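Those protein sequence lines, which keep their order, are chains A and B.
Following this note's numbering, the numbering of the first sequence begins with 25 at its first residue and continues without gaps.
Following this note's numbering, the numbering of the second sequence begins with 9 at its first residue and continues without gaps.
Simulated from the structure, these hints should not be mistaken for laboratory data.
Nothing false has been slipped in among the hints.
Pair ranges (Cβ atoms, derived):
| # | chain 1 | residue 1 | chain 2 | residue 2 | range |
| --- | --- | --- | --- | --- | --- |
| 1 | B | Ala238 | A | Asp415 | 54 to 64 Å |
| 2 | B | Ser205 | A | Arg40 | 22 to 32 Å |
| 3 | B | Ala55 | A | Glu358 | 53 to 63 Å |
| 4 | A | Lys134 | B | Ser205 | 27 to 37 Å |
| 5 | B | Asn200 | A | Tyr81 | 37 to 47 Å |
| 6 | A | Lys175 | B | Asp105 | 46 to 56 Å |
| 7 | A | Tyr182 | B | Ala271 | 45 to 55 Å |
In this text, all values refer to a predicted model and were calculated from it rather than measured experimentally.
Built from N, CA and C at the ideal position, the CB exists for glycine as well.
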Amino acid sequence: MSDRKPVDYSAFPDARGHFGPYGGRFVSETLIDALDHLQEMYASLKDDPEFQAAFDYDLAHYVGRPSPLYLAERLTERAGGARIWLKREDLNHTGAHKVNNTVGQALLAKRSGKRRVIAETGAGQHGVATATVAARLGLECAVYMGAEDVKRQSPNVYRMKLLGAEVIPVESGSKTLKDAMNEAMRDWVTNVDDTFYIIGTVAGPHPYPQLVRDFNSVIGREARRQSLEEFGQLPDALVACVGGGSNAMGLFYPFLNDGDVRMFGVEAGGDGLETGRHAAPLSAGVPGVLHGNRTYLMEDEDGQIIETHSVSAGLDYPGVGPEHAWLKDIGRVEYVAANDTEALDAFRALTRTEGILPALESSHAVAYALKLAGTMKPEQNIVVNLSGRGDKDIFTVAAIDGIEV
Amino acid sequence: MSEQVENRIDRRFAALRAEGRKALVTYIVAGDGGIENTVPLMHQLVASGSDLIELGVPFSDPMAEGPVIQKGHERALAHKASLRRCLEMVAEFRRDDPETPVILMGYANPIERMGAEVFADAARDAGVDGALTVDLPAEEAGPLSELLAARNLRNIFLLTPTTSEQRIRAITELASGFIYYVSLKGVTGAGNLDLDSVRENLARIRRHTDLPLCVGFGIKDGASARAVSADGDGAVVGSVLVSAIGEAGDGALARERVAELVAEIRGELDR
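For reference, chain B alone in the conformation it holds in the complex (with noise of 0.2 Å):
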């Protein structure tokens, strides 16, 4: 990969590896609990403590999602939320925080409709920082890799406990910005989170690249946060984000309880 100017998310880390912090990487659904509601929420996080948003672009087949995170899609598709909506959030977004790295978080099929070229003129244009494109493994992805890279964008890979050392050392040469470590075999939001494994392949991966590593799936609360970063660089939370801005139901709400629950588990980061 051609090298790349330093941008948002590579800043970011740098500054917390720095100052000895974890990364707290929070997660919610562009368009969930309303369209006009995100950008608040957005701002929350950041006040709240949160290093990085992933935005989740909503999806009407989201494959990789547990049930708590498929209804925050459902929710958000039935504010009308699109990929373009999302693009507009990140842009108004931008507006009042220049420096928080955002990054898209969905699947493959509205960036094909949307078509990638336009899709990634689009992204640097919000202000998006980088994606993440679920069901695009390595071996699809060399397209939208360039165009992203070409853009001063990253694009994030997730690992998972199935990846072979031969994909590893693969796919860490293909990415950029930091790697998503996925703690377990299963979905978003699952409850077999095993820390022995989360370890034990951080150390593997940790030989093939120097690039951050943050731990997402199953995250639920500061303890598990702590637990899974303490071998890594931070921690991915959405499921209990999501759970908290669904039962809410207005916007305001919604904002407290996120505040609270990322406050919390920034506390126990920091700790």
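So here's chain A without its partners, still in its complex pose (with noise of 0.2 Å):
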């Protein structure tokens, strides 16, 4: 770590919106106006005192921030080494990480005017958040979700119903997330006039991967802090699953100039990545363009995007966020892989030894840092993003074991 030439990592994306080779803006030309004017909106805001206010105000009040610093003490029993701490960000407003970007993105929407949100979703918990705050700021709202996902997140579909959102089913091509994706960019194409697209993931054309990351940076910011406050110094790593790489670029952006803080991003290993049944681009994918950027992605020798598997729809993506990529390139972050047996061990191992239920999503950081701390010295310290509540979970679990809800 110590040859690495210094790189400032708050330079980037650069103006065009590139991470090193990754990022950019790879989508249809009817889109490049509205992106540039979100570019331009969001420049001038970003600095902004008064929007910045506005949008910490909205995190205390709305979400419920700061999220705890939890120390899970007899979680850290079990691993056996370094004491384990979870950033609760599952007892935010909706129960996941992913509303501190629509209360960012909904800022942005009203501030441009537009009557209408649309959003894509795969476990249904960005789509619960677009809901939430298209229904707060008196939004009309359309959420495109996989026709499977909507099948195996029901609880999610029903409760963006009642927020007043429509539910749009994708049945095209493998009927999940990235499908949802196509089909909200060819809505956004249609209705570029009023509509604002509050993309979920720190992926897409520039600047997304940018403000999701920003919004979400909160988790960092008060993660640093409260590791300050709470072990009296900066944590030896930090664990956050990756799918798109929305929580753990919030994590670990505030961090990435530490140069002394290990950071694991943790893909979805499937069935195993010997299997190919996975979602793991970085682990086991090549650099592509897909939606808008280019980055790691999961596909064939044609370069045709593959059917990716995991027991967790949100992670359940064939692509990840442009920065991520970029870290993985310059080793600033290494990308590991759980799979769905070891995800699932994990959602019960805390459960039973917590009380808290986490999702499917962020049981796979769960799962790495109990294998991580085991191999660490008990006074160090491991930071796990638990980026989101498991209950939307429980059916998916139910059905593993036998058992109807």
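Since each chain sits alone in its own frame, please combine them into the complex, following the hints.
See the structure below:
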């Protein structure tokens, strides 16, 4: 680590949205004008104290921040090594980190004067978080969701409907998150005059990877401050799950310039990397272009995107945010995978040792943290991003257990 | 951009201009209806009056396409079509048709996977005349444009109702072959064509370039093709053909249906 040339991480993306060779703006011409406007608006508001104050107010009074940093003592005991701290994003309003971003983008949507917002969703957490802010602001809301995901995440589908959103099942392609994103892009191209697209992860065309990261980096800023308060130093390691990568980017970003803090992004290993049935583009993919950015992808020899597999709908995506692709290449973050079984074991372990039901997505981070802690010393500290709560997943887990709920 | 030797696209548009005729550009998805049926379909398009063929390169995530062409991509992929196969099809087509321009229309990732330089060489060798890569806007198109230009291939760009004056200037400087004007805000095959907006925007673009202007998206028949090309140089027709190929199921019937559709549009354009 010591021979690495210092990089100023805050200087990325560059003016055209690139993180090294990744990122950029790979969309059809119709959307460029809307992206230019969004970029200009965000550039003018990013450092505007009034805008930041409005955002901070919403995070405190609507989302319920700061979220606690919780020492998981019995989980630590079970792992037998470093202390495991949980950054409790599961305690946010709507139950996941996703709302940090939708509250921020809602402020942008409001400023832009658009009457309608759209979103794509996998597990439904981002859809719920979008429907929530749309309800609060009185905006029309349409959420695109793969038909497969509509089936496996029915509680969230109903939540969105209760919130007044139209949930549109997407029947094309593999009927999951990637297809929902295609369909949301098609909607946006068609309704670009009156519609604001709230992308839910640190992917997509510039400036989305940047603004979703910025809105979520409240996670890392709090964790940094809380670490100093709770144990008087920075953590030795950060662990977060990575699908598109927004919760991980949010946790990692404020620590990137702290060279001694190791970071681990945990992808969905599905049935195991060796089976090919997984959703781990950073661990086993190649660079390519999809959904507006250049990044690591899961694809075949002809450049066709292939179907992914994960027990968690929120990680079931063949791409990943471009900043992660770059952080992997330069070696700042280590990307690993936890498979379905490991995630399910971690889900049960956390539930039984701490009384916290984690989302299956976040369970991947917990699974890796359990392994990692065992290799570290008891006086060391790991911060795990507990990105969401698992209530939405009890039907999935029950089905695996052969139980009808 | 460096001075280019005239290629098939330039010759075709020059000839049409000399005759005072509008160009009919036809789009099908390579491999849709079966790999072996694509080249015969291409010849049929030409026989029925198509001036230029846009061969769609199938992609798993065709973001800019409406439902009709999405299904065409899915059918083509089920037949194991790929960028490599497309290039083979063009090479085969060229054996019997040395003059009709063919451009490949598709998405960036299959080209990324093949490697842009390998693609540019293979495209030239196969007899391709240009490429239109939907998700490669001017900002990201530089490297591919240079590789294509060095091989005397054209890089076709889209202009849309949302393209600013400043971007029109920049893109027309980078563009070659012809300009593809997207008639509406939406996906291929959409139904919200606005002729007044098309007319205004073509005039706006014309102030910046002498390149031929072809209008596509939402062109369903001879009447709409005639209407949109009145102020431009041609019309692009895709979804109606892809829909017919999908419904036909077998190769002979697909050729018959496509022949009827293209002949009707040709007739209206020449009227």
